[in-house]
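Chains as they are written, first to last, in our numbering: chain L, 73 to 458; chain W, -7 to 370.
No wet-lab data here; the hints were simulated from the structure. Hints should not be assumed to be uniformly reliable.
As the list claims (entries may be wrong) - Derived, one-sided and incomplete: chain L residues facing chain W with beta-carbon distance under 10 Å:
1) 315
2) 317
3) 319
4) 345
5) 349
6) 352
7) 356
8) 358
9) 360
10) 373
11) 374
12) 382
13) 441
14) 448
15) 449
16) 453
To be verified - Calculated lysine to aspartate or glutamate pairs in the EDC-like style (CA-CA distance at most 20 Å, straight line):
17) L:379 x W:-1
18) L:379 x W:0
19) L:187 x L:293
20) L:376 x W:-1
21) L:341 x W:362
Idealized CB from N, CA, C, for every residue including glycine.
In case you want the letters, here they are:
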Amino acid sequence: MSELETFRAEARAWLEENCPAEMRTPAKGDEDICWGGRNFVFQSEAQKLWLERCVAKGYTVPDWPKAYGGAGLSPQETKVLRQEMAKLGCRSPLNSFGIWMLGPALLKFGTEEQKVHYMGQIARGEIRWCQGYSEPGSGSDLVSMQTFGEDKGDHWVVNGQKIWTSYADKADWIFCLVRTDKTNKYQGISFLLFDMETPGVTTKPIKLISGNSPFCETFFDNVVVPKHQIVGELNRGWDVAKYLLGHEREMISGMGGDGGVTSIGAAMKAVLSEEPVLRAQMALFDVENLTFRAHGERFMDEWKTGKAHPAYSNLMKYVGTELNKKRNELVMSIGGTQALEWESERSNGGSKARNWLRTKANSIEGGTSEVMLNVVSKRILEMPGA
Amino acid sequence: MAMTLNDDQNMLRESARDFMASEAPVTHFRKFRDMGCKDGFSHGLWKQFAEMGFTGILIPEAEGGMGMGQIEAGIVLEEIGRNLSPSPFLTTSVAAVEALRLADKAMRDRWFPGILAGETVIGIAIEEGVKHRPEKIACVAERSGNGFKLTGHKQFVVQGTSSDMLIVAARTAGAVGETDGLTLFAVDKDAAGLSMEAARLVDSAMAAHVKLEGVQVNADAVIGDVDGGWAVLSKMLDAGRVGAAAEMVGVGTGAMDMTFDYLKTRKQFDRVIGEFQALQHRAAHLYGEMEGARSIVLKAQSLMDEGHAKAELYVAAAKAKAGLACNLAVREGVQMHGGIGMTDEYDIGLYMKRDRGLNEFFGDAYYHADRVATMNGY
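Start from the sequences and build out the full structure, keeping to the hints where you can.
Spelled out as structure tokens, the structure:
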């Protein structure tokens, strides 16, 4: 047996022994997802136990180094672990922007002290993070942001406003882009970390077309941030932000493995067999879906071996998010009038309609499709012009 | 396996790329087109293919070939597509060899040497209507003497009149529409009762209409099992489909690269037109489509080479996706070239014609999307 297959057997045995039966059923809604943090209320003893066991094993962040709370697994081992988790139907023990976004940025730009402290907290699910990037006047043109940190010697005093801050009302800390030099557009931004309980921080949820409020407006009124809470160099926060965005796009595109290949068509056979045009749309969608999964797999294999173009994740973000929107349009069409129901138990609280509306943000958040196409065109295809 | 080419495959790609670009570039295709060549390809080039080892790429090493798989055949096909190099490679070295690999030793010994030498061409006689419907084969093979007597007609037999042998699918049992009861036959092109009419296609390839009027073949002409031909036929078709998909990746990429070069040089309104965002977004979208096609084709090839149970699903998806993406590439290509894209002198229109032919070959994108739906359970 190869080393990888030995690992697979071990991982499977560990999962079978340690993942509670209740955690092997699909999450029904957002409340079944463990986000961790100071104020998180566990929905069940099993949810708490599953997190604790994964924390002890390093499996909340399996590919992070052991020193920072991970299990130190190789990319191949991580892939195998995820495959085995998928086979058993294990829920993710911990979801967090700390794991997906801040952690990788700290690993690249953080000091040793920051890695041990912050990454450790993230791995243990102790601190829930939110991301402060966009501002009301700075969407696609993010670098025009104005939130300002005034230098006061051993600390900054931050004033300004962020928008589209995911779960800011539930987060414990924020990683935030703050202008520290008004004279330099790109090299005048710093990447700061601070506690959302710091005096002067307030949040206000934004109600979306889905009826839910996953995003907030976040206001900073003379917020004091100590100097040691900066990641990377002063005024070089844009480098960190760009890296993090790249990682985010890579993550969106790399949801691969065998995940998502199963067609939603089979379950909808009764409707599709009576509507040939809708069935045809579904069939063409399945072709695109299989294509995207193969594309993601190929991208990840090239990325890991350094063969992918550095801007390639922008392409994957564009393709993946447009595909997800298309999927939800089909789900709505196939669901018919029942998918229109907004509150009933029959419709699981309008989950289809709400998910459909939520996906419309996919091609806006994290860089719009139009910006992605600009980047692909200029950086990969090397088209001329500004 | 990893979805990247290994060192050997990269080397093969380099040599195939150099070979096609120097020996069979678009000017070569034009030369044979303009002389009204009755074969639609050069026998000299086919010999050169043999010298490179390409003709026997799928023939087992023990039988003198290179013993490689669909990924390697696809590498050669992509370069063929990029250069519009006319040859019997797809039908003879990919589809026919895939079927013959499942035939008995006598049959392999009869045909492999000629293929390896670049002397033999094999036609695939499957289609009977204007669209790909392999299960609707109506051509009949009745038991007769020591073998069978074939009666019916075939069409879209690519390079049929240049072929030494035709692989003919005929019904030995069952009703039209059933997959059981089909049998594959190797029919000599000079067999009594067999006649062909060559037709030149839009892409200057030659395809034959074939009449079979009581063509007598011996029992040893059967490839695979009598009545159980669907197994071999499916393999042959899938090899041809994934091969055509790989060639379309080449055609589409060739058209796309040519178009992007044009966007970077053509000036209007005192600007290089590639500066216009309306064109940049379409270019970036097209690039994404071609990258997707390249990925699913590689996935399908590797699953076929592994003998994976999902290979059939991925081959169908690959043929569909490559067809859609390549078609977009040639349409955008002609449009973005503007007026000169409509001229015979400029190459982009030749890519548009080739795409059409390959899209129809062994089932178009809609046919294969329908199969994906069926295999996915709806």
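Here's how the hints hold up against the structure:
A hinted interface residue such as residue 315 (chain L) counts as satisfied when its beta carbon comes closer than 10 Å to some beta carbon of chain W; here the least separation is about 22 Å, so the hint is violated. Taking 10 Å as the C-beta contact cut-off toward chain W, the hint placing residue 317 (chain L) at the interface is violated, the least distance being around 18 Å. With its C-beta approaching chain W no nearer than about 20 Å, residue 319 (chain L) sits outside the 10 Å limit, and its interface hint is violated. Hint status for residue 345 (chain L) relative to chain W: holds, with the closest Cβ pair at about 7 Å, below 10 Å.
Hint status for residue 349 (chain L) relative to chain W: violated, with the closest Cβ pair at about 12 Å, above 10 Å. The interface hint given for residue 352 (chain L) holds, since its Cβ lies 7 Å from the closest Cβ of chain W, which is under the 10 Å cut-off. Satisfaction of the interface hint for residue 356 (chain L) is found here, the shortest Cβ-Cβ separation to chain W being roughly 5 Å, below the 10 Å cut-off. With 10 Å as the threshold, the beta carbon of residue 358 (chain L) comes within range of chain W, its nearest partner Cβ sitting at about 5 Å, so the hint holds.
Because the beta carbon of residue 360 (chain L) sits about 7 Å from the nearest beta carbon in chain W, less than 10 Å, this interface hint is met. Restraint check, residue 373 (chain L) versus chain W: the minimum CB separation of about 5 Å is within 10 Å; hint holds. Checking residue 374 (chain L) against chain W: minimum C-beta separation of about 6 Å stays under 10 Å; hint holds. Below 10 Å, beta-carbon pairs count as interface contacts, and residue 382 (chain L) has none with chain W, the closest being about 15 Å; its hint is therefore violated.
With a cut of 10 Å, the hint placing residue 441 (chain L) at the interface with chain W holds, because the nearest CB-to-CB distance is about 9 Å. The closest approach between the C-beta of residue 448 (chain L) and any C-beta of chain W is roughly 4 Å, which is under the 10 Å cut-off, so the hint is satisfied. For residue 449 (chain L), the interface hint holds, the least distance from its beta-carbon to any beta-carbon of chain W being 4 Å, beneath 10 Å. Checking residue 453 (chain L) against chain W: minimum C-beta separation of about 6 Å stays under 10 Å; hint holds.
For the hint linking residue 379 (chain L) to residue -1 (chain W), the alpha-carbon distance of about 13 Å falls within 20 Å, and the restraint holds. The straight-line distance between the Cα atoms of residue 379 (chain L) and residue 0 (chain W) is roughly 17 Å, inside the 20 Å bound, and the hint therefore holds. For the proposed pair residue 187 (chain L) and residue 293 (chain L), the alpha carbon gap of about 29 Å is over 20 Å, so the pair is violated. A hinted pair counts as satisfied when its Cα atoms are at most 20 Å apart, and residue 376 (chain L) with residue -1 (chain W) qualifies at roughly 17 Å.
For the hint pairing residue 341 (chain L) with residue 362 (chain W), the CA-to-CA distance comes to about 14 Å; that is within 20 Å, so the pair holds.
Checked against the numbered hints given earlier, the structure breaks hints 1, 2, 3, 5, 12 and 19 and satisfies all the rest.
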